[in-house]
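Peer 1: Could you slot chain B onto chain A? The hints should help.
2 protein chains.
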Amino acid sequence: MRILHHHPLYGASRTARLLLAERGLVFLPKMEMPWERNEDFLTLNPSGEVPVLVTEDGTVLAGTTVIAEYFEETEPEDSRLIWGGAGERAEIRRLTNWFETKFVREVGAPLLNERYIKRVAAAGNPSSEVMRAAMTNLHIHLDYIDWLAEQGNWLAGKAMSLADLSAAAHLSVTDYFGDVDWSRHPEAKEWYAKIKSRPSFRDLLADVVAGLAPAAQYGDLDF
Amino acid sequence: MRILHHHPLYGASRTARLLLAERGLVFLPKMEMPWERNEDFLTLNPSGEVPVLVTEDGTVLAGTTVIAEYFEETEPEDSRLIWGGAGERAEIRRLTNWFETKFVREVGAPLLNERYIKRVAAAGNPSSEVMRAAMTNLHIHLDYIDWLAEQGNWLAGKAMSLADLSAAAHLSVTDYFGDVDWSRHPEAKEWYAKIKSRPSFRDLLADVVAGLAPAAQYGDLDF
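Protein chains in written order, with my numbering: chain A, 1 to 223; chain B, 1 to 223.
Only chain A is shown next, with the shape it has when bound in the complex:
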């Protein structure tokens, strides 16, 4: 059985869970606490980051895009999440990197650290300055999603792609915290409602992290 090392509040882990679910690939989830820098996990992935997928033949796939590209290459052609010609594929990868790197740096990582890790690791009080900056950045990213969602049905164009899964995965963590003001971003909200109602999303909406209950609208499909 495939094993996915993950943490429910790390957006990149959620991207991996979504792409596996969209592909109908079952896995055994194993929860990691990346901030603890556990030796066994560092042996598996020296960067100490989640997600890591260990395939049935023992191949170690570290990182969301590594996992995604692996299944693009080994699963049937008709299940592509990075679809189209070389130019369309470049756009899907650009947007995926946007959420996996830029969104994480500007929004995801600071909010996760202030709202959750500082508490569980007993690492001091949240910084309101850091949170304010992250919330400002969140609106800029949501403006961009508004704009992208207006151009086509999905973020990278006519069909759902890895870019949608990545954006929704990372946003869903901020939504768990209750940090998204959807009323200010109608196009992003419509797009998120569509992806939130997919069967692949159900598992994420059932997440409850010990000591930090999700915000009221988190699991609600009619938010």
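Just so you know, the hints here were simulated from the structure itself, not pulled from any lab data.
Check each hint, because a few of them may be wrong.
What the hints assert, rightly or not - Below, in silico cross-link-like pairs of lysine-lysine (DSS-like), each with a Cα-Cα straight-line distance of 30 angstroms or less:
no., chain 1, residue 1, chain 2, residue 2
1, B, K158, B, K189
2, A, K194, A, K102
3, B, K102, B, K30
4, B, K118, A, K102
5, A, K102, A, K118
6, A, K158, A, K102
7, B, K30, A, K102
8, A, K118, A, K30
9, A, K118, B, K102
10, B, K102, A, K30
11, A, K194, A, K30
12, B, K102, A, K102
13, A, K30, A, K102
14, A, K158, A, K189
15, B, K194, B, K158
Peer 2: For chain B alone, kept in the frame of chain A given last:
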């Protein structure tokens, strides 16, 4: 003619220059100052980051891995920089992401900001605390390269790959600043000497940035 929007001291730009040179793909370089957030450049790439390659048919490729994957798909099979079976390709991508993301976050971006951007943007004095932390991280990354280089001829195994180009590109910026103590990292030094002497590297070694001359050993193949 292809146009590469780049900056000589941004490691990711250097990865793109190396991979284009290794593939024998000519391009017209156009220098950008990403910290200036120039409107025209933001229209091309809303993230404001270099590199961006505009192909001869006008396709916009934003980001090193996007550029790399595009040419893996459109250039002949025998020129692969992401080679091998699905597992080997996953390892090349993992290491490439390591340098493009983790190294940049922990070493490249803070050193670039303190040593160069703060000066040209007149944004205050360098922080010795930030630089010290980045230098400590640099040694940890070089230890990892020592270890990888000991395992095989190249970082991801038996042949040169995108991972080597990425690692060397980012390290070459810190070497431009004179920040690498090669004597403490003999295996990394041997690997870097090998890649530094490749024809694809010549263009990088000729870089001179206005107002900041390279360190003495920067262009020396026998450093």
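Peer 1: Are the hints correct? Go through all of them and say.
Peer 2: How the hints compare with the structure:
1. B:K158 <-> B:K189: Answer holds: K158 of chain B to K189 of chain B is near 18 angstroms, not above 30 angstroms.
2. A:K194 <-> A:K102: holds (24 angstroms)
3. B:K102 <-> B:K30: Roughly 26 angstroms separates the two Cα atoms, so the pair holds.
4. B:K118 <-> A:K102: holds (21 angstroms)
5. A:K102 <-> A:K118: holds (22 angstroms)
6. A:K158 <-> A:K102: Within the cut-off at roughly 24 angstroms; holds.
7. B:K30 <-> A:K102: holds (23 angstroms)
8. A:K118 <-> A:K30: holds (22 angstroms)
9. A:K118 <-> B:K102: holds (21 angstroms)
10. B:K102 <-> A:K30: Distance of about 23 angstroms is within 30 angstroms: holds.
11. A:K194 <-> A:K30: Within the cut-off at roughly 28 angstroms; holds.
12. B:K102 <-> A:K102: Holds - the C-alpha atoms of K102 of chain A and K102 of chain B are around 13 angstroms apart, at most 30 angstroms.
13. A:K30 <-> A:K102: holds (26 angstroms)
14. A:K158 <-> A:K189: With Cα atoms ~18 angstroms apart, K158 of chain A and K189 of chain A stay inside 30 angstroms; holds.
15. B:K194 <-> B:K158: Measuring from Cα to Cα gives roughly 14 angstroms; hence the hint holds.
The structure agrees with every numbered hint stated previously.
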